[in-house]
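Trainee: Quick note, the sequences are listed as chains A and W, same order. Heads up: the first sequence runs through residues 1 to 312, numbered per my numbering. Heads up: the second sequence runs through residues 1 to 395, numbered per my numbering.
Worth flagging that the hints you see were computed from the coordinates, not collected in a lab. Be a bit skeptical, because a hint or two may be false.
Quick list of simulated restraints, FRET-style, between CB atoms [said to hold, decoys possible]:
no., chain 1, residue 1, chain 2, residue 2, range
1, W, ASP173, A, TRP177, 43 to 49 Å
2, A, LEU269, W, ASP173, 36 to 42 Å
3, A, ALA65, W, GLY320, 26 to 32 Å
4, W, GLY72, A, TRP177, 20 to 26 Å
5, A, PHE19, W, ASN151, 51 to 57 Å
6, W, GLU212, A, LEU50, 39 to 45 Å
7, A, VAL42, W, GLY205, 53 to 59 Å
8, W, PRO246, A, ALA147, 55 to 61 Å
9, A, LEU47, W, LEU169, 47 to 53 Å
10, W, PRO246, A, LEU50, 56 to 62 Å
11, A, TRP287, W, GLY39, 26 to 32 Å
12, A, LEU269, W, THR61, 52 to 58 Å
Backbone N, C-alpha and C fix where the C-beta goes; we use that ideal spot for every residue, glycine too.
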Amino acid sequence: MNLTIHPLIVLLFFPGGLFLLASGLVFQWADRKLVARFQNRVGPRFLQPLADMLKLLAKEEIIPAGAHRGLFIALPIIALASALTAALYVPMFGVQPFFSFQGDLIVTIYLLSALTISLGLAGANSVDRFSLVGATRTLTQLFSYEAPFLLAMIGPALAAQSWQISKINAFAGETTWFIVAQPIGFLVALVGLMGKLELPPFDAPEAETEIVAGALTEYSGRGFALFRLAKDIELVIGLTLVAAFYLGGVSNPLEFLLKTGGLLLVMALLQTAFARLRIDQTVGLWWRVGALMGLVQILAILAGIYIRQWWL
Amino acid sequence: MTFEPQGENRFIVPIGPQHPALKEPGHFEFVVDGEIVTGASVRLGYVHRGIEKGAEDRTWTQNLYLMERICGICSHIHATAFVQGVEKLAGVEAPPRARAIREIFAELERIHSHMLWLGVAAHEGGFDALFMYSWRDREVVMDMLEMLSGNRVHYSANLIGGVKYDIPLEMMDKIREGLNYLEERLLHYLDVVNNDETFIGRTRGIGTMTREQAQLLGAVGPTARASNFAYDVRVDAPYAAYAEFPVEMVVAKEGDLHARFVVRILETMESIRVLRRIFDNMPESELVTRVPRRIPAGETISRVEAPRGELFYFIASNGGEKPERVKVRTPSLCNWGTVITLAVGHKLADMPMILAGIDPCFSCNDRLVMVKRNRQDPQVWTWADLRNYGIEYYR
Numbered sequence: 001m002n003l004t005i006h007p008l009i010v011l012l013f014f015p016g017g018l019f020l021l022a023s024g025l026v027f028q029w030a031d032r033k034l035v036a037r038f039q040n041r042v043g044p045r046f047l048q049p050l051a052d053m054l055k056l057l058a059k060e061e062i063i064p065a066g067a068h069r070g071l072f073i074a075l076p077i078i079a080l081a082s083a084l085t086a087a088l089y090v091p092m093f094g095v096q097p098f099f100s101f102q103g104d105l106i107v108t109i110y111l112l113s114a115l116t117i118s119l120g121l122a123g124a125n126s127v128d129r130f131s132l133v134g135a136t137r138t139l140t141q142l143f144s145y146e147a148p149f150l151l152a153m154i155g156p157a158l159a160a161q162s163w164q165i166s167k168i169n170a171f172a173g174e175t176t177w178f179i180v181a182q183p184i185g186f187l188v189a190l191v192g193l194m195g196k197l198e199l200p201p202f203d204a205p206e207a208e209t210e211i212v213a214g215a216l217t218e219y220s221g222r223g224f225a226l227f228r229l230a231k232d233i234e235l236v237i238g239l240t241l242v243a244a245f246y247l248g249g250v251s252n253p254l255e256f257l258l259k260t261g262g263l264l265l266v267m268a269l270l271q272t273a274f275a276r277l278r279i280d281q282t283v284g285l286w287w288r289v290g291a292l293m294g295l296v297q298i299l300a301i302l303a304g305i306y307i308r309q310w311w312l
Numbered sequence: 001m002t003f004e005p006q007g008e009n010r011f012i013v014p015i016g017p018q019h020p021a022l023k024e025p026g027h028f029e030f031v032v033d034g035e036i037v038t039g040a041s042v043r044l045g046y047v048h049r050g051i052e053k054g055a056e057d058r059t060w061t062q063n064l065y066l067m068e069r070i071c072g073i074c075s076h077i078h079a080t081a082f083v084q085g086v087e088k089l090a091g092v093e094a095p096p097r098a099r100a101i102r103e104i105f106a107e108l109e110r111i112h113s114h115m116l117w118l119g120v121a122a123h124e125g126g127f128d129a130l131f132m133y134s135w136r137d138r139e140v141v142m143d144m145l146e147m148l149s150g151n152r153v154h155y156s157a158n159l160i161g162g163v164k165y166d167i168p169l170e171m172m173d174k175i176r177e178g179l180n181y182l183e184e185r186l187l188h189y190l191d192v193v194n195n196d197e198t199f200i201g202r203t204r205g206i207g208t209m210t211r212e213q214a215q216l217l218g219a220v221g222p223t224a225r226a227s228n229f230a231y232d233v234r235v236d237a238p239y240a241a242y243a244e245f246p247v248e249m250v251v252a253k254e255g256d257l258h259a260r261f262v263v264r265i266l267e268t269m270e271s272i273r274v275l276r277r278i279f280d281n282m283p284e285s286e287l288v289t290r291v292p293r294r295i296p297a298g299e300t301i302s303r304v305e306a307p308r309g310e311l312f313y314f315i316a317s318n319g320g321e322k323p324e325r326v327k328v329r330t331p332s333l334c335n336w337g338t339v340i341t342l343a344v345g346h347k348l349a350d351m352p353m354i355l356a357g358i359d360p361c362f363s364c365n366d367r368l369v370m371v372k373r374n375r376q377d378p379q380v381w382t383w384a385d386l387r388n389y390g391i392e393y394y395r
């Protein structure tokens with residue numbers, strides 16, 4: 001779907017800005033509700049994430065002694081800003097991205113990593129023992145899933161012969177779904193997304209029974225709300241990316257809803273089915289299995305392209 | 001230069017007194033080197049309630065209800081330990097049916113306690129699905145206890161010389177139905193614990209305690225039995241109706257966290273089995289025997305197997321209406337040493353599970369050390385001081 005809207009409206013209301021924030025909250029609700037139902041709980045009401053957010057925004061923000069004040073306040077804003085910016089290059093809600101250029105896939109992935117890095121910095125900045133351990137784990141996890149996730153994203157890019165998300169999206173819509181041609185890449189991408197979002201069983205960086213809330217232990221009020229919101233938006237972007245790349249692209253809002261909803265269902269199921277992995281188990285899993293599988297996938301694709309060129 | 005973390009350079013992760021991993025207040029300090037724990041210490045005493053002292057000011061019957069409140073999870077077994085000690089002092093024995101009913105309550109309590117533990121331990125390992133499901137199924141046994149006594153937590157089934165409630169046939173049938181359901185669910189949980197890859201990754205080979213260590217550290221209950229230390233008061237010194245309706249001891253060889261899960265689940269299934277047998281052969285008799293109001297002077301000990309291990313009571317009477325002294329040693333107290341010892345060398349992420357692995361109960365093992373008035377340094381007591389204090393106290 002291709003719309004022409006004034007760039008300011010794109011940035012502030014739709015599909016960026018407010019609409020994106022709202023959809024982040026809706027996806028957070030859907031995720032919580034699904035996990036709750038899988039665990040035989042009732043789960044939150046529809047407006048619960050909004051209520052949480054409003055409550056947090058109204059609360060006092062306590063800045064711990066010893067933390068760098070400016071950094072402490074700036075990091076949540078940087079995190080949210082990078083998430084919001086990343087969304088501009090992704091076909092959110094099935095609408096063509098409004099800003100698009102050759103290589104925006106790398107920029108999007110970079111912006112999503114910037115979010116995680118601000119999370120890690122926030123933990124390291126707020127001189128708290130739980131935060132420090134959490135920050136170490138967050139960054140360790142970043143280094144373990146980032147490479148496999150990137151490899152999984154490169155797969156469809158190579159097949160589409162483009163580094164532009166909108167082109168890959170369009171290409172994926174024309175051919176058979178990449179999930180059929182590159183099932184390993186799909187699996188790595190989906191599980192990598194869970195690692196990126198620190199969802200169970202990859203929630204060692206914020207394991208509440210060990211290190212309270214990990215890197216965000218000292219955050220309260222607005223800072224916490226912004227980080228939370230940034231993660232919700234990352235969830236939407238991640239789901240859209242995986243759907244666009246592997247599930248035959250998203251070209252209209254209905255397709256977007258169905259495909260991301262389906263992915264979220266699978267992700268919620270994966271969240272409930274396993275016990276939390278220790279950080280060493282996470283790293284081991286990603287480097288021993290994830291990265292290797294991603295590489296094999298890439299080699300297979302390259303071989304395929306080479307053979308086809310040679311054939312024709 | 002050594003790499004041994006010392007003095008100022010030590011990085012200590014404090015857990016508690018308030019921490020999401022703890023359901024009761026306790027304070028643990030783990031010295032970590034990266035993620036590896038190199039030292040651990042425990043500090044208790046945040047919920048001291050003065051129950052032992054309070055017991056000296058209440059009559060024997062009133063104390064029954066006080067003792068029940070030592071623990072909210074194993075309330076019945078505390079009252080049983082107390083009541084059996086008092087009966088021994090008074091020289092009476094509860095009628096057979098009363099003893100069987102005591103065993104029924106004790107085993108139902110064990111089922112609910114072990115299922116509660118299963119959920120808590122799974123939660124500590126980040127396996128919330130198992131937590132939610134096992135707690136949902138635990139409601140079945142809670143409902144049974146409520147049906148029998150009217151209460152979910154403090155059943156108050158015991159009286160000195162017997163029990164308060166009879167169990168009619170219809171109730172037994174209802175309980176049987178519930179037990180069938182529970183057995184089915186427990187088989188499923190056993191399957192999960194044994195076959196879930198991520199769960200095994202978090203439990204197998206973690207916190208392994210050898211039989212020698214268990215013996216040396218004085219571990220009791222399922223914690224010790226998971227380390228192949230076969231000791232169960234129900235089998236070794238039968239009380240209540242355990243002589244007529246014996247239970248089989250569940251022992252595992254591995255000694256790791258996984259073994260503790262397996263032992264507790266199998267023990268729960270053994271409880272279900274013995275409950276069915278009691279219902280099939282319920283003895284007929286009175287529910288209470290007469291007990292004098294004043295208990296003859298003397299001292300006795302009473303041992304029972306609480307869900308967490310051996311529970312030990314020392315009761316002294318001076319022939320009056322109130323006890324002279326009641327000393328309670330709860331099973332959690334015996335198991336703390338194992339946590340501190342096993343923690344070293346493991347990852348920080350394993351700490352909550354190792355901690356929960358002994359099924360700790362904090363408030364039941366908090367004791368007060370009395371501070372003497374006219375002393376220079378009230379914190380430090382020498383052996384001579386303690387001995388003197390003891391002699392003064394019992395003069």
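Trainee: Indicate, hint by hint, whether the structure satisfies it.
Mentor: So, going through the hints one by one against the coordinates:
Between ASP173/W and TRP177/A, the C-beta spacing of about 56 Å breaks the proposed range 43 to 49 Å. Taking 36 to 42 Å as the suggested C-beta distance range, the pair LEU269/A and ASP173/W conforms, at roughly 38 Å. Here the CB-CB span from ALA65/A to GLY320/W is close to 58 Å, at odds with the stated 26 to 32 Å. Taking the beta carbon of each, GLY72/W and TRP177/A are about 55 Å apart, not inside 20 to 26 Å as hinted.
Evaluation of the 51 to 57 Å hint for PHE19/A and ASN151/W yields a pass: the beta carbon distance comes to about 53 Å. GLU212/W and LEU50/A have their C-beta atoms about 58 Å apart, which leaves the hinted 39 to 45 Å range violated. Checked against the hint of 53 to 59 Å, the pair VAL42/A and GLY205/W fails, with Cβ atoms roughly 37 Å apart. For the pair PRO246/W and ALA147/A, the supplied restraint of 55 to 61 Å holds, since their beta-carbon distance comes to about 59 Å.
Judged by the Cβ atoms, the range 47 to 53 Å given for LEU47/A and LEU169/W holds: they are separated by roughly 51 Å. For PRO246/W and LEU50/A, the Cβ-Cβ distance of about 59 Å falls inside the hinted range of 56 to 62 Å, so the restraint holds. For TRP287/A paired with GLY39/W, a C-beta distance near 30 Å keeps the hint of 26 to 32 Å intact. In this structure the hint that LEU269/A and THR61/W lie 52 to 58 Å apart at CB holds, the actual value being about 55 Å.
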